[in-house]
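Protein chains in written order, with the numbering used here: chain P, 1 to 344; chain R, 1001 to 1238; chain V, 2001 to 2458.
Quick caveat, the hints were computed from the structure, so don't treat them as lab data.
Treat the hints loosely; a few may be bogus.
Said to hold, decoys possible - Here are the simulated distance ranges between beta carbons:
(1) Ile1230/R to Gly2045/V: 52 to 62 Å
(2) Ile2174/V to Ala1090/R: 30 to 40 Å
(3) Arg208/P to Ala2239/V: 29 to 39 Å
Even glycine gets a Cβ: it sits at the ideal position worked out from N, Cα and C.
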Amino acid sequence: MENKHLVKDIVHALDIDGGSTERRPVHTVGVGATGFFKPSPMAQRFCVAEHFLPKAAKKGVRVDIRFSNGMGVVEEHDGWSDVRGMAVRFYLENGQSTDLVSMTLPVFFAPTPETFLDFALNARPKPCQRATPWQKIKSYLQLQLPLPDPYPGQTERPNEGAIAFASKHVWAQPAVIDASSIGAPVSYVRATYHAVHTFIVTGKDGQRRWVRFSWAPIAGVLNTDPKKPPEDRYLKKDLEKRLSHGRTERFSLMMQIGEAGDDFNDSTRQWPPHRTRVMMGTLTLNKVREDQQEYFEKLSFNPWHLTDGIDPSDDPVLRIRKDVYAFSSNRRQGTPCPFSGTKG
Amino acid sequence: MSDDSGWLNSYINSLPERGWFQFLSKYVVVPFWVWREGRPKLPGGPRPSPQPSDNTQRMMNLLMPLKDTSPIGRAKAVMALAQNVDEIFAGLDNVGTVHSARFLLVEDYICMISVYDGDFSNYIRDFISTIGSVFDALMHEVEGGDKLYPSEENVEAFIDWVREHDLFQAPDYPFDLFGLQDEQAGRKPNDPPHDLQTLPRSLILQLHANRNISLGGGYRGYPGYSAAQIRRNLGVGW
Amino acid sequence: MAVFDAEKVQGNILRGYPLDRVRHMILEVSDRRRAREFLAAAADGTGEEVPRITRSANWSERPEFCFNIGITFEGLRTLGLPSDQLKTFPTEYTEGMTRRALKLGDFGESAPEHWPAPFDRPDRIHIVASAYANADHHLDDIEKKVAKVFTVLGTRDGRNLPDGKVFFGYRDGISQPRLRHVFDPEHAGDHQIKDPLGTVLLGYQTQLEGIKFTIPTPEDVFRDSAFNAFRVLQQDTEAFETYLTDAAHFLESHRDVARLLPEGAEQNIGGGMSRHDALREVVAAQMCGRWRNGTPYEASPNSDVQDGISLTNYDYSLSSRCPAGSHMRRANPRGGPIVQRVANYTRRMVRRGMSYGPDPETGEHGLLGNFIGANYGAQFEAVMCDWINFGLQDPGITGTNDPLLGANVPETSRFDLTLKGGGHIRLSGFPRFVKTRGGAYTLLPSLPAIRYLSQLTA
């Protein structure tokens, strides 16, 4: 492990009231599903990892998917504005597997582990401060938008701290802007998820490319109406309903190819939207498993859990996430992830 | 803390939608901020970039004010283009970097909307050298166009004029507006960082300086490829 | 059409000097009045203490030294050119080289923020004066005279390396535009089409049919001036040679290598060398477009023997062995196939350079280049941003940069070696070999313009 203290500090900085050390420190509430992935015919040109090869296209690669709400609290607040997660495990041959961990934010909050710790400490939820009418009028007169009113029952939120911190640290601004207006999806399968970090894929011709992955929902992207009162529990039900009676939902795996001058090791900056996009394959969800607790809540994903043909970039945040995920997995006694140091 | 503090809060939340408040904002609040910290106009067209996919399929949104906005003046502009179809295709086929181009008459403007590869000034210069006569015919119908005649002998001024009338392309990610405004004002971008909550004001003031803009650099179905690459791969020759 | 008078044109524009050393002096005008007096005396050689500007006219005898000046936009302003006249200069020049950085590929380590003094303060750079001689004492003498009037912000010394080579080991300066109206015995055997004077001088027809570039006001004064991109280009020869070795190792075991270089051909390269060394030279030759001794790769893909091969007379085609991505083809695609068909031969410019360094402390070495033309946008910048970098001229190379001069990073760089009978082997992973370490956009004013500036009164 690279830096035990830093890893521990980061996990502790993420622990908040309403969370539990027996659950995940963030993305605590979620729902798991199963399905399969079929690579596109072009995928192997860009990446020779097993799940992108033509033989994987025949039967499809079996996958487990866990969707989640970003907040680190055990209570469900599906309708609150929040970042959502989508972790995918691809089951390869010979008992091997690989993960792709993504979220609805296209960027990360900080460029390094140290700055992320700083951010996490500053963005810890604090008691909501509802702006008074006069403060709101002042905002309007300054051509600014007042912070939204808290949700019914919401007593703490990270917004104020995160915005104040980002106003002093440029690197946090893209993520905080996006996070503060992210809203709630009507369904987990109606949001786009980004793997955020840069990975290096090796193509059939041996050429290495610096790339970023996104899952684009084939059903389209749709948020709830922010003017209506939020519902607390609907996302799991929605997914169960969508996947009942043999019905399926799909995502396209899109891959952006980085170019000279793009920051390969800084996930706070989104690449311009005109980068070449490659259609790498289609993910089909077909079932919500009954044994959620045993299966998905124990399962430990890790963004560093890769396979031949996909390498991590030198992004220091990606590197520390390897250890942070492993630490958190051990703490909640999850099914060991490949880096948790225990035998499973 | 109560979850909603009643009618006053609801009323305040609805202020931006209320007529009187919109009136106040338009005639008092915005002019005050323009006076206090107005933003300089940002230049038109795509920004220079060393990155390949930023240099293919670039967008031009050229708004040329019509000299005569009557139906007769508009008809003249239509004729200026209609009589030059051969010229336009000869240019298109031999400049080789254009994906598409079209002309629109919208309100008091004749608009040229095109998608091209590579550097903006090369694109315009190559076109002037092949179909300068079309530009000349068109510029006769456009305000301020006479002093650019003939385009062959006013290449630099013509290119500057086009850039001036090409729409500013707002950044693809909102946060980047801060940096662009800093640079335009001759400051180091985001140093010191801007208060995040002033982003709406920055946008409003920029829209005061650049009334018409392109919302970002556009969306592409197959980004990163030049017209010649597409023609080559489709087997229709470049 | 104006009548061309070589007496009005500075001597470093139309022809190179047969002198082996140069000192570029980067100057600030600290005393406007004295600066003007200097210009007046330099234009007409009327002062003992002021070197005379060398003209383009044919010399009856070879001079011991030459002296020329380029003036930046800030320089014109400081000399007192009125703002309504300043407005008539082209945008590229007005903004200056540092604000054109992205178009020139000057980013990352090459960004102007990283340029050393005096190029870190472009606002202070008013004049770049250049002295040429064979002996250092002439250069010292000229610098002394110049320093009496101007603040010398810095100097850059250059010299011709033996055999006309540059540090990368290539023979350089072989191909230059040949201009109508100019007698240039050095390039008389070059059969490329001649360029009109408007390629380099303001006030004449250009290669683009019908197009004349705008002469700043007053026109009769600035006619016969030219624009120059002065560049300090560091050459990373160590990285280059290392990469050639890596590439040769990779190629030795490549299944198509015999189509790159037939077995036995190594006997005809560099006077005979090992297979490995010959493959290094093939990579160097395809990257440049010439073998290091100057033999065009297009004319001779399996041998660098020059026997009877013209160094200048050849052209490219769709089946050329000289890669479309090579430095030579990018800088001057000649009559070969390019996407922008209207642009064949239109972006040529005059290139003059001498090598500098190695610096005794840092080892830094490279090229001091002058890239001269009538219009930055149509020539220097057009070539840099669409052809050298980006490669828009050929769909097979679009999205890649010049392997030698381009703004490459190992993560994305690639270069396709051509093979006999078609196809290619792709090289990748090479870094940027040439870094920008300074420069300025300068006007090379005509003699009438120098006199005009010397008489300003504001």
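Hint check:
1. Ile1230/R to Gly2045/V: 52 to 62 Å: With a Cβ separation near 60 Å, Ile1230/R and Gly2045/V satisfy 52 to 62 Å, so the hint holds.
2. Ile2174/V to Ala1090/R: 30 to 40 Å: Between Ile2174/V and Ala1090/R, where Cβ atoms are some 35 Å apart, the hint holds.
3. Arg208/P to Ala2239/V: 29 to 39 Å: violated, 19 Å
The earlier numbered hint that this structure contradicts is number 3, and it is the only one.
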